[in-house]
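K.L.:
Spelled out from the first residue to the last, the chains are:
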Amino acid sequence: MSRLQNKKRHLIVLTNSRSPIAEAYRSLRTNIDFSSVDQRTQVIMVTSSGPEEGKSTVVANLAVTYAQDGRKVLLIDADMRKPTGHRTFQLTNRTGLSSVLSNQSDLEEVIQQTEVPNLYIMTAGPIPPNPAEMLNSNRMKSMMQLLREQFDMILIDTPPVLAVTDAQLLASNSDGVLLVINSGKVKKDIAIKAKENLLRVNARMLGVVLNNVKRKTSEEYYYYYYGN
Amino acid sequence: MSRELDLRDIFQVIQKRLWLIVLIMVLICSLVGVYSVFIKKPVYEASTKIVVNQTPSNSGTNQLDLNQINTNIQLINTYKEIIKTPAILDQVVESYPEFQLTTEDLSNKINVNSVNNTQVMTVVVRDLSYVKAAEIANAISKVFKSEIPTIFNVENVSILNEAKTEPSVRPQPVGPNIILNLMIGFVVSLMAGVGLSFVLEYLDDTIKTEEDVKEFLEMPTLAMITRVSQNEQESSQSYSTSISGGKDHVTITK
Numbered sequence: 000m001s002r003l004q005n006k007k008r009h010l011i012v013l014t015n016s017r018s019p020i021a022e023a024y025r026s027l028r029t030n031i032d033f034s035s036v037d038q039r040t041q042v043i044m045v046t047s048s049g050p051e052e053g054k055s056t057v058v059a060n061l062a063v064t065y066a067q068d069g070r071k072v073l074l075i076d077a078d079m080r081k082p083t084g085h086r087t088f089q090l091t092n093r094t095g096l097s098s099v100l101s102n103q104s105d106l107e108e109v110i111q112q113t114e115v116p117n118l119y120i121m122t123a124g125p126i127p128p129n130p131a132e133m134l135n136s137n138r139m140k141s142m143m144q145l146l147r148e149q150f151d152m153i154l155i156d157t158p159p160v161l162a163v164t165d166a167q168l169l170a171s172n173s174d175g176v177l178l179v180i181n182s183g184k185v186k187k188d189i190a191i192k193a194k195e196n197l198l199r200v201n202a203r204m205l206g207v208v209l210n211n212v213k214r215k216t217s218e219e220y221y222y223y224y225y226g227n
Numbered sequence: 000m001s002r003e004l005d006l007r008d009i010f011q012v013i014q015k016r017l018w019l020i021v022l023i024m025v026l027i028c029s030l031v032g033v034y035s036v037f038i039k040k041p042v043y044e045a046s047t048k049i050v051v052n053q054t055p056s057n058s059g060t061n062q063l064d065l066n067q068i069n070t071n072i073q074l075i076n077t078y079k080e081i082i083k084t085p086a087i088l089d090q091v092v093e094s095y096p097e098f099q100l101t102t103e104d105l106s107n108k109i110n111v112n113s114v115n116n117t118q119v120m121t122v123v124v125r126d127l128s129y130v131k132a133a134e135i136a137n138a139i140s141k142v143f144k145s146e147i148p149t150i151f152n153v154e155n156v157s158i159l160n161e162a163k164t165e166p167s168v169r170p171q172p173v174g175p176n177i178i179l180n181l182m183i184g185f186v187v188s189l190m191a192g193v194g195l196s197f198v199l200e201y202l203d204d205t206i207k208t209e210e211d212v213k214e215f216l217e218m219p220t221l222a223m224i225t226r227v228s229q230n231e232q233e234s235s236q237s238y239s240t241s242i243s244g245g246k247d248h249v250t251i252t253k
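Each protein sequence line maps, in turn, to chains A and B.
Numbering that gives the first Met the number 0 puts the first residue of the first sequence at 0, with every later residue one more than the last.
Numbering that gives the first Met the number 0 puts the first residue of the second sequence at 0, with every later residue one more than the last.
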């Protein structure tokens, strides 16, 4: 039961598709699409400076939003240290990214279909001892090449930038990076440091997703009553 | 904080920490209230009035001399100081051992005022007991009257009215002034609360708004995801089904 509630909370774009939050995700999708005119943004990585800022929630909702747009979407849970993607969509995590990278499974085996049409998930898999080396491997690069041919959109959930180097490694395999910032919880210098770390590996910063913004009553007016 | 703080920002800061400001105000005001009503003992006040007139040295006429009066008025200030000096107070302590006061205590209790541009002085004594205050006031006046000729060349000191030791109406305590204390507490706590909220706001260097992102990260904000409230989570399922039904209906009629 608690898991079901957990799922509901994560995927508000599914459970409450007319809510202002779902609308925010749709506008995020639009903003990403229009932020790159010349370059194709196919692989988007979502990260944050520290833990518990809502990366997994943002990436899962964004993936659903893309899928609802009719695109074939793959969500990769690359946080092999603290995987959550399988829980959000209530799937098994027996095999996943780590099993592909360690040559234990084939790519086709680990891509699971969700109940959302067009949305596929690659869970993190069993927790490996060396996630950073795995993500930096040639197999990872070739896997990404294969996936790019199969999917319209690939979204990657990553560990926090400042905690481990994984996000930096993944950034080089991505077309764009979204930085999730938990509003009112992240200090300015921390956020600046996270951005610098990502820029150092030549990541293309798409922009910031401000999470947990305190809702203002004046703004609520716009969202809730328009079109109702 | 390179942007200038405009009025709306100030209001926002206050609005945001309103609970803190109110909490501080309620706390301080109730502390002041408890202190004034229950802890601080009531203080009573008794006063005597003394009129001082320097005897004219060349008093040939009975005419009032304006200069003389002015001089007396000026001299009142001197007398006010004299009353508070040990010259008088020591005498009071000596002559009235029943008060069990030292000169220091006495000088803390008394207050000498003069009504503007008159030759009348008021000796005000405050004490926890009204009777004692009245007795002290009377004692000081008497000692002053008897001592002043030896210090100054004045003989014309008269006590206009003595403090009544047995008043017909029960005297009201003059202190503590609960209303005044509460008002001071209110204003001080309001200032402290507002000040504290600005300090907290200034110390809070987290990223909160789109403007912060633009200013410090130089990146665009692509989305603002608001906090999901508890009741929204619970009602979300029924909300979405009812809306989707309505939406379908609208689509068909179109």
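Honestly, the hints are just simulated from the structure, not real lab data.
Be aware that a few hints might be false.
What the hints assert, rightly or not - Result set (BS3-like, lysine-lysine): computed pairs, CA atoms no more than 30 Å apart in a straight line:
| id | chain 1 | residue 1 | chain 2 | residue 2 |
| --- | --- | --- | --- | --- |
| 1 | A | 184 | B | 15 |
| 2 | A | 81 | A | 192 |
| 3 | A | 192 | B | 83 |
| 4 | B | 207 | B | 15 |
| 5 | A | 81 | A | 71 |
| 6 | A | 187 | A | 213 |
| 7 | B | 163 | A | 213 |
| 8 | A | 81 | B | 207 |
| 9 | B | 141 | B | 163 |
| 10 | A | 186 | B | 40 |
| 11 | B | 40 | B | 83 |
| 12 | B | 108 | B | 48 |
| 13 | B | 131 | B | 141 |
| 14 | B | 83 | A | 187 |
| 15 | B | 83 | B | 163 |
| 16 | A | 192 | B | 15 |
| 17 | A | 213 | B | 213 |
| 18 | B | 131 | B | 83 |
| 19 | A | 187 | B | 40 |
| 20 | A | 213 | A | 192 |
| 21 | B | 213 | B | 15 |
| 22 | A | 187 | B | 163 |
| 23 | A | 186 | B | 15 |
| 24 | B | 144 | B | 108 |
| 25 | A | 192 | B | 213 |
| 26 | B | 108 | B | 39 |
| 27 | B | 213 | A | 186 |
| 28 | B | 144 | A | 213 |
| 29 | A | 184 | B | 39 |
| 30 | A | 184 | B | 213 |
K.L.:
Checking one constraint from the list: CA of residue 186 of chain A to CA of residue 40 of chain B, max 30 Å. Satisfied?
P.N.:
violated (51 Å)
K.L.:
Taking 30 Å as the top limit, are the C-alpha atoms of residue 184 of chain A and residue 15 of chain B close enough?
P.N.:
holds (16 Å)
K.L.:
Checking one constraint from the list: CA of residue 108 of chain B to CA of residue 48 of chain B, max 30 Å. Satisfied?
P.N.:
The hint holds at about 16 Å.
K.L.:
For the pair supplied as a hint, residue 40 of chain B and residue 83 of chain B, confirm whether the alpha-carbon distance does not exceed 30 Å.
P.N.:
Distance of about 25 Å is within 30 Å: holds.
K.L.:
Given the hinted pair residue 184 of chain A and residue 39 of chain B, is their alpha-carbon gap at most 30 Å?
P.N.:
violated (46 Å)
K.L.:
Does the structure keep residue 144 of chain B and residue 213 of chain A at a Cα separation of 30 Å or less?
P.N.:
violated (75 Å)
K.L.:
Take a quick look at whether residue 81 of chain A and residue 192 of chain A sit within 30 Å of each other, Cα to Cα.
P.N.:
holds (22 Å)
K.L.:
Can the restraint linking residue 108 of chain B and residue 39 of chain B be considered satisfied, given a maximum Cα separation of 30 Å?
P.N.:
holds (16 Å)
K.L.:
Tell me if the straight-line CA distance from residue 81 of chain A to residue 71 of chain A falls inside 30 Å.
P.N.:
Status holds; Cα separation ~26 Å.
K.L.:
Given the proposed pairing of residue 131 of chain B with residue 141 of chain B, does the C-alpha separation stay at or below 30 Å?
P.N.:
Within the cut-off at roughly 15 Å; holds.
K.L.:
With the threshold set at 30 Å, check whether the alpha-carbon distance from residue 187 of chain A to residue 163 of chain B stays at or below it.
P.N.:
violated (72 Å)
K.L.:
What's the verdict on residue 144 of chain B and residue 108 of chain B, does the C-alpha distance respect the 30 Å limit or exceed it?
P.N.:
Holds. Residue 144 of chain B to residue 108 of chain B sits at ~19 Å (cutoff 30 Å).
Of the numbered hints listed earlier, those contradicted by the structure are 3, 7, 10, 14, 19, 22, 28 and 29.
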